[in-house]
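We have chain H; now place chain R onto it with these hints.
Protein chains: 2
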Amino acid sequence: MKMAELSKRSGFSIATIKYYLREGLLEPGERTSVNQAIYSDSHLDRLRLIRALTKTARLSLKTIQQVLNAIDSEPAIVEAMGAAQDALIGQDETDEGELPPTKEELEARATSRKILHELIESRGWQIHPETPALESTISAITSLRDEDLSTVLDQLDAYAEAADTVARIDVLAVASASSRNEVIRGVVLGTIFRRSLLDSLVLLAQQHHAKDQTS
Amino acid sequence: MKMAELSKRSGFSIATIKYYLREGLLEPGERTSVNQAIYSDSHLDRLRLIRALTKTARLSLKTIQQVLNAIDSEPAIVEAMGAAQDALIGQDETDEGELPPTKEELEARATSRKILHELIESRGWQIHPETPALESTISAITSLRDEDLSTVLDQLDAYAEAADTVARIDVLAVASASSRNEVIRGVVLGTIFRRSLLDSLVLLAQQHHAKDQTS
Numbered sequence: 640m641k642m643a644e645l646s647k648r649s650g651f652s653i654a655t656i657k658y659y660l661r662e663g664l665l666e667p668g669e670r671t672s673v674n675q676a677i678y679s680d681s682h683l684d685r686l687r688l689i690r691a692l693t694k695t696a697r698l699s700l701k702t703i704q705q706v707l708n709a710i711d712s713e714p715a716i717v718e719a720m721g722a723a724q725d726a727l728i729g730q731d732e733t734d735e736g737e738l739p740p741t742k743e744e745l746e747a748r749a750t751s752r753k754i755l756h757e758l759i760e761s762r763g764w765q766i767h768p769e770t771p772a773l774e775s776t777i778s779a780i781t782s783l784r785d786e787d788l789s790t791v792l793d794q795l796d797a798y799a800e801a802a803d804t805v806a807r808i809d810v811l812a813v814a815s816a817s818s819r820n821e822v823i824r825g826v827v828l829g830t831i832f833r834r835s836l837l838d839s840l841v842l843l844a845q846q847h848h849a850k851d852q853t854s
Numbered sequence: 640m641k642m643a644e645l646s647k648r649s650g651f652s653i654a655t656i657k658y659y660l661r662e663g664l665l666e667p668g669e670r671t672s673v674n675q676a677i678y679s680d681s682h683l684d685r686l687r688l689i690r691a692l693t694k695t696a697r698l699s700l701k702t703i704q705q706v707l708n709a710i711d712s713e714p715a716i717v718e719a720m721g722a723a724q725d726a727l728i729g730q731d732e733t734d735e736g737e738l739p740p741t742k743e744e745l746e747a748r749a750t751s752r753k754i755l756h757e758l759i760e761s762r763g764w765q766i767h768p769e770t771p772a773l774e775s776t777i778s779a780i781t782s783l784r785d786e787d788l789s790t791v792l793d794q795l796d797a798y799a800e801a802a803d804t805v806a807r808i809d810v811l812a813v814a815s816a817s818s819r820n821e822v823i824r825g826v827v828l829g830t831i832f833r834r835s836l837l838d839s840l841v842l843l844a845q846q847h848h849a850k851d852q853t854s
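Respectively, the protein sequence lines represent chains H and R.
Here my numbering is used: the first residue of the first sequence is 640, the next is one more, and so on.
Here my numbering is used: the first residue of the second sequence is 640, the next is one more, and so on.
The following block holds chain H by itself, in its conformation from the complex:
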């Protein structure tokens, strides 16, 4: 397709597409004359992914560049998925602007880390040891311990079982995607939108089960 059609189908203006071409986020089209090139469906997929990363995930251009580099350079799709995940978590963390941790906070995190490692081992999960998802899980466990919500922590294994189910469905849901860009787009949008879907469904199911509890 020509640039005009790529613009129309992707919903990006020609100026924006030219900017992504200059920045190397989008590969050049196949040149047919001095000032004309044709673009394929893979360009469209890439632009749809960029849209997901900018408009929906609201990642910075720098982070998007890192995610796209990872997609293009990692031979294994699982590594590319990991890079996209890491970018989404990193984004969350920067919102907080925390002070450096105190000695007590470090000790509390060490205990949470131990709890998590036992959980991962008992479930047999194979996890990349440097993924930011580990640190964000440790933060969540530490918050629950800080707030003395031990009743929630007692159910940690049951939550992990539910998380396992959700993840299995997530992976299934993107497995049928037609290209690598589409897989990553599925992971990014899936994570963001499925998150609010699941949150809302849980609230609905809570109402239902709270009734059981009190009747």
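Check the hints yourself; a few may be wrong.
Copies of the same chain look alike in the list, so a pair counts if it works inside one copy or between any two.
Claimed, not checked - Computed list of lysine-lysine pairs in DSBU-like fashion (alpha-carbon distance at most 30 Å, straight line):
1) LYS641 <-> LYS657
2) LYS647 <-> LYS701
3) LYS657 <-> LYS647
4) LYS742 <-> LYS647
5) LYS641 <-> LYS694
6) LYS753 <-> LYS742
7) LYS753 <-> LYS694
8) LYS701 <-> LYS657
9) LYS657 <-> LYS694
10) LYS742 <-> LYS694
For the record, the hints were derived by calculation from the structure and aren't laboratory data.
Only chain R this time, still in chain H's reference frame:
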């Protein structure tokens, strides 16, 4: 206990506690002399709940007042839980600042509403027809349809099943709380912290299952 001890154990300053007393968020203590009163564990529970609603859920004082009113006036605990839930969802929605919906958007929401009602019916969930959780689920389904993430939507029933499991654990986790204020505190903090716990656990489990998929 005296005011000084209540302050120490709750972590609120005496000035703040006096403010909550004046605003009616906290019941007066039992007066023992003209300028002294004693406070019970129920005062402490209430202050712990207020802390959860202010510091963690970051609700406005007006919203907190509504939640506390609901807790005090609703005879059924399930209705009080509903009020706390509604406040948490309402908070999310105000962040968006949306324009009024177009005709196409209204039609898209009507389709999502139909999808959700079929789901609720097939699961036999008993849901209050005016809960904001319904609207937020419809929004999530509409976003997934807008983004053409039909592979995620195809798994809607599987996600609902997982949400059902999570909600059952949530309700179980707060059922053992010692007072009504503690139950609501469990719901509020549970919803907020369990949400980030579950999100992170899902990311970890995704890594594990993505490996299965590609090997």
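Query raised in the report: Under a CA distance limit of 30 Å, which applies to LYS701 and LYS657: within one copy, between copies, both, or neither?
Result: within (17 Å within a copy, 49 Å between copies)
Query raised in the report: With identical chains treated as interchangeable, where does the CA-CA distance between LYS742 and LYS694 reach 30 Å or less: within a copy, between copies, both, or neither?
Result: For LYS742 and LYS694, only the inter-copy Cα distance (22 Å) is at most 30 Å; the intra-copy one is 40 Å.
Query raised in the report: With identical chains treated as interchangeable, where does the CA-CA distance between LYS641 and LYS657 reach 30 Å or less: within a copy, between copies, both, or neither?
Result: within (13 Å within a copy, 70 Å between copies)
Query - Within, between, both or neither: LYS657, LYS694 at alpha-carbon 30 Å - result: within (18 Å within a copy, 46 Å between copies)
**Report entry** Intra- versus inter-subunit Cα pairing at 30 Å for LYS742 with LYS647
**Finding:** between (56 Å within a copy, 22 Å between copies)
Query - Intra- versus inter-subunit Cα pairing at 30 Å for LYS641 with LYS694 - result: within (24 Å within a copy, 54 Å between copies)
Query raised in the report: Which holds for LYS753 with LYS694 at a C-alpha limit of 30 Å: within a copy, between copies, both or neither?
Result: between (38 Å within a copy, 27 Å between copies)
Query raised in the report: Under a CA distance limit of 30 Å, which applies to LYS647 and LYS701: within one copy, between copies, both, or neither?
Result: within (26 Å within a copy, 47 Å between copies)
**Report entry** Intra- versus inter-copy proximity for LYS647 and LYS657 (alpha-carbon distance at most 30 Å)
**Finding:** within (14 Å within a copy, 62 Å between copies)
Query raised in the report: How would you label the pair LYS753, LYS742 (within, between, both, or neither) given a Cα cut-off of 30 Å?
Result: Within one copy only: 17 Å inside, 53 Å across.
Consistency note: the structure conflicts with none of the earlier hints.
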